[in-house]
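Engineer: Listed here are the chains, written in short residue letters.
Protein chains: 2
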Amino acid sequence: MNIDYKKAAELLKNCGNAYILIHQSPDGDCIGSGMTVYHILKSMGKKARILCSDDIPKRYSFITEDYIDEEFEPDSIISVDVADTNLLGKYKEQYGDKVDLCIDHHISNTLYAKNTLVCPDASAACEVLFEVLKEMDIIPDNRMAACIYTGIATDTGCFKYENASSRCHEIVASIKKYSDINYAQINRRLFDIKSRGQLKMESAVSDKMEYYLDGKCTMITVTLDLLESLNVDLGEIDGLAGIPLQYEDAEVGVTIKQRDENSYKISMRSANDVNVSDICASLGGGGHVKAAGCLIHGTLEEVKAKIVNAVEKGMKK
Amino acid sequence: MNIDYKKAAELLKNCGNAYILIHQSPDGDCIGSGMTVYHILKSMGKKARILCSDDIPKRYSFITEDYIDEEFEPDSIISVDVADTNLLGKYKEQYGDKVDLCIDHHISNTLYAKNTLVCPDASAACEVLFEVLKEMDIIPDNRMAACIYTGIATDTGCFKYENASSRCHEIVASIKKYSDINYAQINRRLFDIKSRGQLKMESAVSDKMEYYLDGKCTMITVTLDLLESLNVDLGEIDGLAGIPLQYEDAEVGVTIKQRDENSYKISMRSANDVNVSDICASLGGGGHVKAAGCLIHGTLEEVKAKIVNAVEKGMKK
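Chains as they are written, first to last, in the numbering used here: chain W, 1 to 317; chain U, 1 to 317.
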């Protein structure tokens with residue numbers, strides 16, 4: 001059942017002790033919204049526990065450091081920023097069909113919960129939670145403010161993307177007004193800092209960036225050989241997909257990651273109007289208009305030729 | 001004389017045909033605020049002309065494309081985002097002592113103008129201009145909105161820095177509400193895209209980044225040999241100073257640029273609490289607490305040793 005802010009506020013007030021589910025491969029928005037619900041429940045004297053199928057990256061320790069994990073029998077199951085029960089990973093089987101309240105911002109939400117508050121116009125689940133807090137007459141304290149900010153900043157790319165709406169700036173204006181936190185330091189943690197391995201990997205792939213179709217298609221490649229020679233962890237090669245679009249004339253940025261001798265995972269990003277979802281579909285994959293992917297088999301040279309050919313066709317549309 | 005928003009609004013209404021002075025090495029804030037004043041004056045049927053000692057980088061063409069340069073005798077001289085007449089460059093002599101109205105946000109403003117509206121709490125001169133527009137009952141149209149946004153986004157590092165105040169988010173919320181512009185595309189132009197030369201230079205210096213003092217001091221170096229071997233323009237090596245602080249444990253990030261055989265220009269940035277103004281002062285330079293610089297003579301090895309020694313002492317304070 002779809003519910004509104006008021007009903008969600010009421011359910012949170014009356015939920016008893018609760019488990020809070022967030023999605024696998026956790027990011028700033030699900031961690032921020034999970035911790036916001038945690039703080040709300042704890043402030044009402046309830047027990048709360050966050051369940052996530054994967055470990056929380058240490059990058060987010062500044063909002064999870066006051067989290068205390070305790071075991072108890074829950075009265076309610078709440079999920080935040082989880083569009084589909086498949087994203088619950090190892091908790092899907094046990095809790096997938098038992099979620100009492102889901103708070104989310106994905107238009108693709110499958111309405112798996114008994115009660116779902118989904119706001120597709122919101123930049124982040126944390127934005128939705130801010131509105132629920134307002135309904136509850138709670139002004140976010142410093143801890144909640146840090147969580148809500150983290151979610152909104154993460155999902156808008158620090159206010160760079162199209163979803164950085166007027167409303168999301170209004171909310172940030174409000175939480176900055178009523179909190180006393182070093183937001184610049186949060187931004188540095190979320191967006192700027194990298195490990196030595198990441199820095200090595202980024203400069204290695206940038207240095208060998210290839211320019212096709214008059215520079216409109218840029219391409220970086222991570223081979224298994226490169227990974228081995230740089231001796232970096234697989235976790236350190238996330239976040240590369242933004243690099244090819246740094247080139248000023250690039251329309252389509254391609255990141256190729258070798259999986260095994262003859263197969264390559266492709267991430268494709270569009271800077272403006274080219275639909276990379278269509279291009280990846282023509283290569284057997286799919287995704288969003290501005291960010292999509294596919295898997296291609298063949299030698300690296302064959303793979304690159306297939307990609308350039310598909311991008312060229314896609315750009316003519 | 002220091003004036004308030006109301007008086008500044010009044011002076012703008014009654015200024016006649018005007019020249020608008022912006023600072024040398026123009027950035028998004030002085031160009032954005034200069035163009036905002038230009039649009040205000042043109043909308044009131046006045047002539048307006050922007051004077052800048054340097055060329056406007058093409059990165060900002062999206063807000064200057066409807067500017068038409070015409071010659072006329074000005075009734076008034078207005079300056080925006082200019083803290084000191086030295087920043088007028090080649091226009092200092094002719095107009096430095098003839099400025100009727102200055103609109104600025106630098107606490108260091110020397111009050112050289114007949115009337116000065118300076119708001120040190122404002123993130124950008126464009127933020128001050130938004131308040132003046134409000135006083136004039138003007139709701140920024142799309143063109144003005146793009147200019148004001150560009151100034152605020154530039155000076156706050158896309159809302160990353162400490163000066164991204166509650167008020168600046170409120171203002172952005174307001175201009176996004178009343179305008180219809182692709183802000184994501186503006187952000188890409190302002191913050192993401194780079195030329196091939198910049199990309200080559202960045203990966204070359206990142207690849208050779210050095211880690212001192214347990215990684216708390218990171219250092220990149222641009223030698224004349226490197227510049228020559230990569231064949232990039234001097235203008236393409238701006239913006240490197242942020243690279244050393246990308247390393248997660250870095251407290252002080254140092255960028256060394258060779259000037260001639262035995263002299264090196266140093267830029268120093270602080271991630272948190274280390275005062276790099278003091279450190280650079282101990283090396284004969286100066287600057288701000290979080291961003292400072294100096295010039296050191298000697299061989300590259302000597303220069304690096306001097307820097308590491310000074311940073312080590314500075315970190316102990």
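Mixed in with the good hints, there may be bad ones.
A pair holds if it fits inside one copy or across any two, identical chains being indistinguishable in the list.
[Said to hold, decoys possible] Within a straight-line C-alpha distance of at most 27 Å, the following computed BS3-like cross-link-like pairs (lysine-lysine) qualify:
id, residue 1, residue 2
1, K290, K176
2, K200, K257
3, K316, K6
4, K134, K6
5, K216, K13
6, K216, K58
7, K290, K194
Since the hints were made in silico from the structure, they are not lab data.
Engineer: State the violated hints by number, sorted upward, taking the hints as numbered earlier in the document.
Structural biologist: Those not satisfied are hints 3, 5.
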